[in-house]
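Peer 1: By the UniProt record's numbering, the letter at position 106 of the sequence shown is numbered 106, and the numbering carries on one by one without gaps.
Calculated from the structure, these hints are not laboratory results.
Positions of the beta carbon are idealized from the N, C-alpha and C atoms, including for glycine.
Any given hint could be a false lead.
Claimed, not checked - Ranges of calculated distance between the beta carbons of each label pair, as one might list FRET restraints:
1. V105 <-> G52: 14 to 20 angstroms
2. S60 <-> P95: 17 to 23 angstroms
3. V13 <-> T106: 15 to 21 angstroms
4. F23 <-> R48: 29 to 35 angstroms
5. H68 <-> G22: 27 to 33 angstroms
6. G97 <-> G12: 24 to 30 angstroms
7. H87 <-> D8: 16 to 22 angstroms
8. L100 <-> D8: 17 to 23 angstroms
9. L94 <-> V13: 33 to 39 angstroms
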Amino acid sequence: MSNNTFPDDVSGVVLRRMKEGGFDFARVHPIEFYAIFPDEERARMAARNFRGESLRTEVSARDDGAWHLQVSKVMYATYSGIDNFEHDLESVVLPLGGVLDGWGVTQEAAYSGL
Numbered sequence: 001m002s003n004n005t006f007p008d009d010v011s012g013v014v015l016r017r018m019k020e021g022g023f024d025f026a027r028v029h030p031i032e033f034y035a036i037f038p039d040e041e042r043a044r045m046a047a048r049n050f051r052g053e054s055l056r057t058e059v060s061a062r063d064d065g066a067w068h069l070q071v072s073k074v075m076y077a078t079y080s081g082i083d084n085f086e087h088d089l090e091s092v093v094l095p096l097g098g099v100l101d102g103w104g105v106t107q108e109a110a111y112s113g114l
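Given only the sequences and the hints, what does the whole structure look like? Please build it.
Peer 2: Laid out in structure tokens, this is it:
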């Protein structure tokens with residue numbers, strides 16, 4: 001797989017759109033990974049597994065009574081890096097009764113006049 005092609009799955013489609021939109025793959029970005037839990041205790045238990053210099057976690061209540069976990073990891077936006085971290089997250093989330101809820105990244109917009 002070259003840098004110009006991505007697999008035809010959800011992450012591959014997102015990465016392809018990011019490339020088409022001019023995303024800067026040459027530098028690291030905080031990539032947010034999301035999971036949903038039935039209660040706060042399990043969300044916080046999962047969050048404790050993700051500590052480190054390039055990691056940040058946030059647990060918050062959702063309107064539907066479930067709890068949201070966001071794990072932000074500063075990393076390069078590569079298919080394999082994202083896929084590997086999703087597998088690591090899933091191995092913590094699923095045994096605690098949670099489900100993965102995707103990932104995302106915010107890119108600073110570069111405007112050249114309106």
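Peer 1: Is the hinted range of 16 to 22 angstroms satisfied by the C-beta distance from H87 to D8?
Peer 2: holds (19 angstroms)
Peer 1: Could you check the hint for me, namely that F23 and R48 are 29 to 35 angstroms apart, CB to CB?
Peer 2: Taking Cβ atoms as reference, F23 and R48 lie about 31 angstroms apart, which means the hint holds.
Peer 1: Indicate whether the distance between the beta carbons of V13 and T106 respects the range 15 to 21 angstroms.
Peer 2: holds (18 angstroms)
Peer 1: Is the gap between the beta carbons of V105 and G52 within 14 to 20 angstroms?
Peer 2: holds (18 angstroms)
Peer 1: Please test the hint of 17 to 23 angstroms on the beta carbon pair from S60 and P95.
Peer 2: holds (21 angstroms)
Peer 1: Take a look at whether the Cβ-Cβ distance between L100 and D8 falls inside 17 to 23 angstroms.
Peer 2: Holds: the Cβ-Cβ distance is about 19 angstroms, inside 17 to 23 angstroms.
Peer 1: How does the Cβ-Cβ distance of L94 and V13 compare with 33 to 39 angstroms: does it lie in that range?
Peer 2: Because 24 angstroms falls outside the window, the suggested range is violated.
Peer 1: Confirm or reject the claim that H68 and G22 have a C-beta distance inside 27 to 33 angstroms.
Peer 2: holds (29 angstroms)
Peer 1: Does the Cβ distance between G97 and G12 fall inside 24 to 30 angstroms?
Peer 2: holds (28 angstroms)
Checked against the numbered hints above, the structure violates only hint 9.
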